[in-house]
Amino acid sequence: MSATTFSIPVYLMMAYCPNIPPLVLTVSIGIVYTFDVIIMWQVTINLLPPAVFGTGAGVAVFMMRFSIGLTNLSVGTIVENKESLGHQIQIHAYQDALLLMTGLSVMAVLSGVLLNIIDIRRGDGVNRRFMKEKVKGLDTSVLILDDKLNKRYDAEGNSNLALEEYNQ
Numbered sequence: 001m002s003a004t005t006f007s008i009p010v011y012l013m014m015a016y017c018p019n020i021p022p023l024v025l026t027v028s029i030g031i032v033y034t035f036d037v038i039i040m041w042q043v044t045i046n047l048l049p050p051a052v053f054g055t056g057a058g059v060a061v062f063m064m065r066f067s068i069g070l071t072n073l074s075v076g077t078i079v080e081n082k083e084s085l086g087h088q089i090q091i092h093a094y095q096d097a098l099l100l101m102t103g104l105s106v107m108a109v110l111s112g113v114l115l116n117i118i119d120i121r122r123g124d125g126v127n128r129r130f131m132k133e134k135v136k137g138l139d140t141s142v143l144i145l146d147d148k149l150n151k152r153y154d155a156e157g158n159s160n161l162a163l164e165e166y167n168q
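Here full-length UniProt numbering is used: the first residue of the sequence shown is 1, the next is one more, and so on.
Hint data in this document are derived by calculation from the structure and do not stem from the laboratory. Fair warning: there could be bad hints in the mix.
Claimed, not checked - Label-pair restraints from in silico Cβ distances: (1) G123 / G56: 34 to 42 Å; (2) G56 / Q88: 45 to 53 Å; (3) T55 / S84: 43 to 51 Å; (4) T55 / C17: 22 to 30 Å; (5) D96 / R65: 22 to 30 Å; (6) V61 / G86: 37 to 45 Å; (7) T5 / G86: 17 to 25 Å; (8) R65 / I45: 41 to 49 Å; (9) D124 / T55: 17 to 25 Å; (10) L114 / L70: 43 to 51 Å; (11) V113 / G86: 39 to 47 Å; (12) M40 / G123: 41 to 49 Å; (13) V113 / S28: 19 to 27 Å.
Small disclaimer: the values here were computed from a predicted structure and weren't measured. Built from N, CA and C at the ideal position, the CB exists for glycine as well.
With the hints as constraints, model all of the structure from the sequences given.
Here it is, written out as structure tokens:
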């Protein structure tokens with residue numbers, strides 16, 4: 001999700017900023033894609049038990065490649081047969097295709113945020129590291145009462161007055 005967030009401005013710059021070299025933007029999309037794949041593998045390894053890891057990884061790769069194929073078909077449909085219509089129509093067709101990619105990236109980020117919220121509320125899965133473990137039977141009131149910061153200082157800087165004695 002965090003890597004995909006960086007692709008949103010890159011797609012918009014590809015569509016509307018012709019002064020930026022396309023090679024720089026294409027390389028940045030490649031870097032984002034690389035991090036997405038690395039994160040997908042790490043999440044798959046952490047979530048699935050070893051007995052079903054192969055099946056889970058296969059399903060994840062299938063879904064990723066299937067979505068790439070559908071995106072390629074969609075972009076091809078948007079851009080096809082625009083060569084004979086003029087330069088401005090070609091530019092608008094590619095801008096529409098890049099807006100499609102931006103929309104897909106936004107949907108991916110929003111889906112990731114929603115899944116993280118659900119995961120944190122359930123307390124399992126990827127976000128276990130954010131959950132605070134509750135320790136049962138731990139009484140800290142004795143530690144608070146015996147704290148050395150629970151003292152007041154007199155005019156000479158002596159700390160022999162306890163807070164209870166100071167208030168009386």
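Hints, one by one, checked against the model:
no., hint, result
1, G123 / G56: 34 to 42 Å, "violated, 21 Å"
2, G56 / Q88: 45 to 53 Å, "holds, 47 Å"
3, T55 / S84: 43 to 51 Å, "holds, 48 Å"
4, T55 / C17: 22 to 30 Å, "violated, 43 Å"
5, D96 / R65: 22 to 30 Å, "holds, 24 Å"
6, V61 / G86: 37 to 45 Å, "holds, 40 Å"
7, T5 / G86: 17 to 25 Å, "violated, 35 Å"
8, R65 / I45: 41 to 49 Å, "violated, 19 Å"
9, D124 / T55: 17 to 25 Å, "holds, 20 Å"
10, L114 / L70: 43 to 51 Å, "violated, 21 Å"
11, V113 / G86: 39 to 47 Å, "holds, 41 Å"
12, M40 / G123: 41 to 49 Å, "violated, 22 Å"
13, V113 / S28: 19 to 27 Å, "holds, 22 Å"
The structure is inconsistent with the numbered hints 1, 4, 7, 8, 10, 12, although it conforms to all the rest.
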